[in-house]
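Number of protein chains: 2
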Amino acid sequence: MTVDAELARGRDWAIETLQAYLRIPSISAQKTGIGDAVGYLERTFGELGCEVRRLTGGGNPVLVATAGSGPRSITFYNHYDVQPPDPLGEWSSPPFEPTVRDGKLFARGVADNKANLVARLAALRAWSGKPPVRVTFFVEGEEEIGSPTLARVVEGSADALRADLCIWESSYRDETGRPQIILGCKGMVQGELVVRTAKTDAHSSRAVILPSAAWRLAQALACCRQGDDITVAGLCDACVEPDAGEMELVRQIPFDELEWRRNFGVDRFVKGLTGLALVKQFFYAPTFNISGLTSGYQGAGHKTVLPREARAKFDIRLVPDMEPGDVVAKLRRHLDANGFTDVAIEHVDGYPPARTLYTDPAVTWVEDAARGVWDKPTITYPHMIASGPMYLFRRLMPCIGIGVGHAQSNIHAPNESVYVEDFHTGARHVSRLFDVMSGAS
Amino acid sequence: MTVDAELARGRDWAIETLQAYLRIPSISAQKTGIGDAVGYLERTFGELGCEVRRLTGGGNPVLVATAGSGPRSITFYNHYDVQPPDPLGEWSSPPFEPTVRDGKLFARGVADNKANLVARLAALRAWSGKPPVRVTFFVEGEEEIGSPTLARVVEGSADALRADLCIWESSYRDETGRPQIILGCKGMVQGELVVRTAKTDAHSSRAVILPSAAWRLAQALACCRQGDDITVAGLCDACVEPDAGEMELVRQIPFDELEWRRNFGVDRFVKGLTGLALVKQFFYAPTFNISGLTSGYQGAGHKTVLPREARAKFDIRLVPDMEPGDVVAKLRRHLDANGFTDVAIEHVDGYPPARTLYTDPAVTWVEDAARGVWDKPTITYPHMIASGPMYLFRRLMPCIGIGVGHAQSNIHAPNESVYVEDFHTGARHVSRLFDVMSGAS
Chain P
4 MTVDAELARG RDWAIETLQA YLRIPSISAQ KTGIGDAVGY LERTFGELGC EVRRLTGGGN
64 PVLVATAGSG PRSITFYNHY DVQPPDPLGE WSSPPFEPTV RDGKLFARGV ADNKANLVAR
124 LAALRAWSGK PPVRVTFFVE GEEEIGSPTL ARVVEGSADA LRADLCIWES SYRDETGRPQ
184 IILGCKGMVQ GELVVRTAKT DAHSSRAVIL PSAAWRLAQA LACCRQGDDI TVAGLCDACV
244 EPDAGEMELV RQIPFDELEW RRNFGVDRFV KGLTGLALVK QFFYAPTFNI SGLTSGYQGA
304 GHKTVLPREA RAKFDIRLVP DMEPGDVVAK LRRHLDANGF TDVAIEHVDG YPPARTLYTD
364 PAVTWVEDAA RGVWDKPTIT YPHMIASGPM YLFRRLMPCI GIGVGHAQSN IHAPNESVYV
424 EDFHTGARHV SRLFDVMSGA S
Chain A
4 MTVDAELARG RDWAIETLQA YLRIPSISAQ KTGIGDAVGY LERTFGELGC EVRRLTGGGN
64 PVLVATAGSG PRSITFYNHY DVQPPDPLGE WSSPPFEPTV RDGKLFARGV ADNKANLVAR
124 LAALRAWSGK PPVRVTFFVE GEEEIGSPTL ARVVEGSADA LRADLCIWES SYRDETGRPQ
184 IILGCKGMVQ GELVVRTAKT DAHSSRAVIL PSAAWRLAQA LACCRQGDDI TVAGLCDACV
244 EPDAGEMELV RQIPFDELEW RRNFGVDRFV KGLTGLALVK QFFYAPTFNI SGLTSGYQGA
304 GHKTVLPREA RAKFDIRLVP DMEPGDVVAK LRRHLDANGF TDVAIEHVDG YPPARTLYTD
364 PAVTWVEDAA RGVWDKPTIT YPHMIASGPM YLFRRLMPCI GIGVGHAQSN IHAPNESVYV
424 EDFHTGARHV SRLFDVMSGA S
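Going down the list, the sequences are from chains P and A.
With this note's numbering applied, the first sequence corresponds to residues 4 to 444, in that order.
With this note's numbering applied, the second sequence corresponds to residues 4 to 444, in that order.
No lab work stands behind these hints: they were computed from the structure.
No experiment lies behind these values; they were computed from the predicted model shown.
There may be inaccurate statements among the hints.
When the alpha-carbon atoms are kept at most 20 Å apart in a straight line, the in silico EDC-like pairs for lysine to aspartate or glutamate are as follows [claimed, not checked]:
#	chain 1	residue 1	chain 2	residue 2
1	A	Lys-306	P	Glu-195
2	A	Lys-333	A	Asp-352
3	P	Lys-202	A	Asp-259
4	A	Lys-274	P	Asp-345
5	A	Lys-306	P	Glu-147
6	A	Lys-306	P	Asp-89
7	P	Lys-202	A	Glu-260
8	P	Lys-133	P	Glu-195
9	A	Lys-202	P	Glu-260
10	P	Lys-306	A	Glu-349
11	A	Lys-202	P	Asp-270
Take these sequences, add in the hints, and give me the full structure.
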């Protein structure tokens, strides 16, 4: 019997395995269901003939399962934890009771990313647990809380994880229905700019002679941005310009400006950009976002207070080849050079961007494996605009994201879903990838 | 028997009347004790032989009580409402159980300003309710919540309130122990600068192409201040420079820079000012204070959000002859001229400054009446740095603040107090003022 026939016979197994997995409320932020999810996956991996180990970096367990053999190797990165389901009232069916409606399977975590892992398991099962490549599953349980212990685990198991290709956790059909093949994600630096001018708040009448933390913060911020342009000296020195081939990929990416403007209620984009220049900005520009401003009185009405402290929370999205430490150092130097030595940069953390070049042979394997499998041609994205811990794996091997979500999968939101048929198609894509990488096709 | 002897005999009456008044928790912000305070004052005014009327502008009642006759007239402005007493745990004795310790009477509202009213009543009583000037008491009940209905009441009774002099609610010994005679207060404009850039918050990765309310607000603010200088064009066009005589008053005002720097934990004042230039700034400069900054995420840690809205609450203290409407119009024009037509100015209210010139004959009456009464010479302040609704009365007559507080009276704070002896001395000051104004001395 062919592998494709095994896949077709295994559809019931796949959907039942997924539904049982979805019923476990494995919410890392709320510390529920972690043990149940780990136990369920250990049993399932075992039943498929994998060798399973538990690793830990001090947080929730990481499962590493291996199977198969062959000339090439592949590592799958997934996570078994999911976002909290609130607001519960907005779900049409309970988040941990998987429900099929209109061809879609609804449940918390189905798109992000339980269906992706089970589709990969279904592919393994179609090969009777013996694919013609060496397969390693890496499933962590803290992705939704920022993967605080992931670096320790990956660095401690680098040799075991290194492979010819890492398949990243998830991907989605874009707004035109084309399945995305994603070659990277942005990095991030988070922190707070803090100004403290006095040891106590004062009555606002005293602002006539006392220094003001809030004004000082506004001035410090203003020296970092002119109109829509980031003016932090040298911040983008390491930014890599896309080459002609990459721009060709960018040109094919659909971007419905009217829909974006309508969704967010904006009448323009930054710098008045439109067309290809806008899409290029989307993928290749860093951000310097203010996520929170806090000083003084926050309630209704007025309070006559001179606040002693002012804070701006920020996140900076990094594009290749920006590095978190270098970015923070440049921000510090820029503030100092503009006289803001009194403005502290606090609570900094971050990680670098990661990408696999479109010219990498691994990209061809993934694209080739998809050919004729999906109902529409795949589309290759050089980046996501979001960030993730992909860099830990990218240091070891090429990383490429594929998955079974769609443009309205509602990840991190109520009524998360994937199309049931996409779930099965995704399994076939992975099964074909084993074949392609083994050199048999 | 002389009036001074009557005052001495009336000390017990005065302190008992004050203590009974202090036991009433007349907190306008919490709507408690209002009826009790009004009833208590009505009875007390009646017992002193006054004619009493209740007025209202739609809020808490205003009491107007009249007595005496003579060639000149005097109006006293006071309020029967007090600040809430929290934090209760920091009071050494309960806020509404007046307690004497170390020569000081402690209770909520004793300095601001129940002791001042009762000292004035004690003076009236020493004149057997028949002082040689026409006396009008005006006692409102909403001062601590911003006197929202006061303008209506004052404008509706202008003819009855107009007199040769208005004695304002309160004053304090300064840090060297000299009783202050206060000739004015600053005005104020409060409002919010608001930037709205989208109809919804967005994931912060989208800041790469979507406009940012927080950055826009920081930039708009920064165009209003350069270093410590307000740069709103024309804002201070109406500011009046003190003349040589006023500067002579300013020169006599004690200002302990070291103590201020220590109290607030600052190492410098705005613009690096010191000495006379600092004191002049204190009284004669407007402020443009940011009392609150709010945008996006306010909690611990980070949230990757692009906020759709950013707000800066502000208060601008006005010096003579700045006008609220003119100041707001100039702020609007300045923002527009700098391209910030999208920054709204909302929730605006305010009132103008008020002052009585040091050359006004009424100042001499108050200064003369104090001579030999207090243990230290009085000191005349051209302004307070705080604001108040004095302008409503200043339109009708000269307004001068005197009172029985001291430099550590802790108004609006736990353990509010006045010295018992200052309370009795304050009564004698008012009693002498009746005499001086009648022309008899």
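Right, here's what the structure says about each hint:
1. Restraint check for Lys-306(A) and Glu-195(P): the C-alpha separation of about 12 Å stays at or below 20 Å, so the hint holds.
2. Restraint check for Lys-333(A) and Asp-352(A): the C-alpha separation of about 15 Å stays at or below 20 Å, so the hint holds.
3. Between Lys-202(P) and Asp-259(A) the CA atoms are separated by roughly 18 Å; this keeps the pair inside 20 Å, and the hint holds.
4. Among the hinted pairs, Lys-274(A) with Asp-345(P) is consistent with the structure: their alpha-carbon atoms are about 16 Å apart, no more than 20 Å.
5. This hinted pair checks out: Lys-306(A) and Glu-147(P) have alpha carbons roughly 13 Å apart, not beyond 20 Å.
6. For the suggested pair Lys-306(A) and Asp-89(P), the alpha carbons sit about 16 Å apart, so the restraint of at most 20 Å is met.
7. Restraint check for Lys-202(P) and Glu-260(A): the C-alpha separation of about 16 Å stays at or below 20 Å, so the hint holds.
8. With a CA separation close to 50 Å, the supplied pair Lys-133(P) and Glu-195(P) exceeds the 20 Å bound.
9. Distance restraint check for Lys-202(A) and Glu-260(P): the Cα-Cα separation of roughly 16 Å lies within the 20 Å cut-off, and the hinted pair is therefore satisfied.
10. Among the hinted pairs, Lys-306(P) with Glu-349(A) is consistent with the structure: their alpha-carbon atoms are about 15 Å apart, no more than 20 Å.
11. Simply put, Lys-202(A) and Asp-270(P) have alpha-carbon atoms about 11 Å apart, close enough for the 20 Å limit, and the pair holds.
Taken one by one, the earlier hints fail for this structure only at number 8.
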